[in-house]
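Enquirer: Sequence:
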Amino acid sequence: ATINAIIHSKAKPVLCDIDPNTLNIDPLKIEEKINKRTKAIVIMHYGGLPCDLTKVISIARKYKLRVITDAAHAIGAEYKNKK
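For the sequence shown, the working numbering begins at 31 and goes up steadily by one.
Just to be clear, a hint being listed does not mean it is correct.
[Stated by the list, open to error] When the alpha-carbon atoms are kept at most 27 Å apart in a straight line, the in silico DSS-like pairs for lysine-lysine are as follows:
| # | residue 1 | residue 2 |
| --- | --- | --- |
| 1 | K63 | K42 |
| 2 | K110 | K59 |
| 3 | K69 | K85 |
| 4 | K66 | K85 |
| 5 | K66 | K42 |
| 6 | K85 | K113 |
| 7 | K69 | K42 |
[As the list claims (entries may be wrong)] Label-pair distances were calculated between CB atoms; the ranges are:
| # | residue 1 | residue 2 | range |
| --- | --- | --- | --- |
| 8 | E62 | K113 | 29 to 35 Å |
| 9 | N65 | G106 | 33 to 39 Å |
| 10 | V44 | G106 | 16 to 22 Å |
| 11 | A102 | L45 | 15 to 21 Å |
| 12 | G106 | T68 | 29 to 35 Å |
| 13 | R96 | L58 | 18 to 24 Å |
| 14 | K42 | Y109 | 16 to 22 Å |
| 15 | I105 | K66 | 32 to 38 Å |
| 16 | K66 | G106 | 35 to 41 Å |
| 17 | E61 | K113 | 28 to 34 Å |
| 18 | I37 | N111 | 33 to 39 Å |
| 19 | H38 | T84 | 28 to 34 Å |
| 20 | E62 | I37 | 21 to 27 Å |
| 21 | K66 | A35 | 20 to 26 Å |
Hints were generated in silico from the structure; no laboratory data involved.
Small disclaimer: the values here were computed from a predicted structure and weren't measured.
All C-beta atoms in this analysis are idealised placements derived from N, C-alpha and C, irrespective of residue type, glycine included.
I would like the entire structure built from these sequences, with the hints used as guidance.
Expert: Encoded structure:
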């Protein structure tokens, strides 16, 4: 569903590997996917476990990108002691 939202907005999704321990996007793999046409980093929190937002936001700031999150699969999750 997350990818469909990108496709329906006429953008081209570029998939990134996941961390096998969390099944969330692997922040260490994000930068190798960024190019001059990249506009945003879209992350999906998976299985009630939030992504490492600190690292993702840091990368986004470095490249002046937006961060879009899909938290539908993380209902009730906490990140840094916040819901």
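Enquirer: Find the hints from earlier in the document that the structure breaks and name them by number, from lowest to highest.
Expert: 10 and 14
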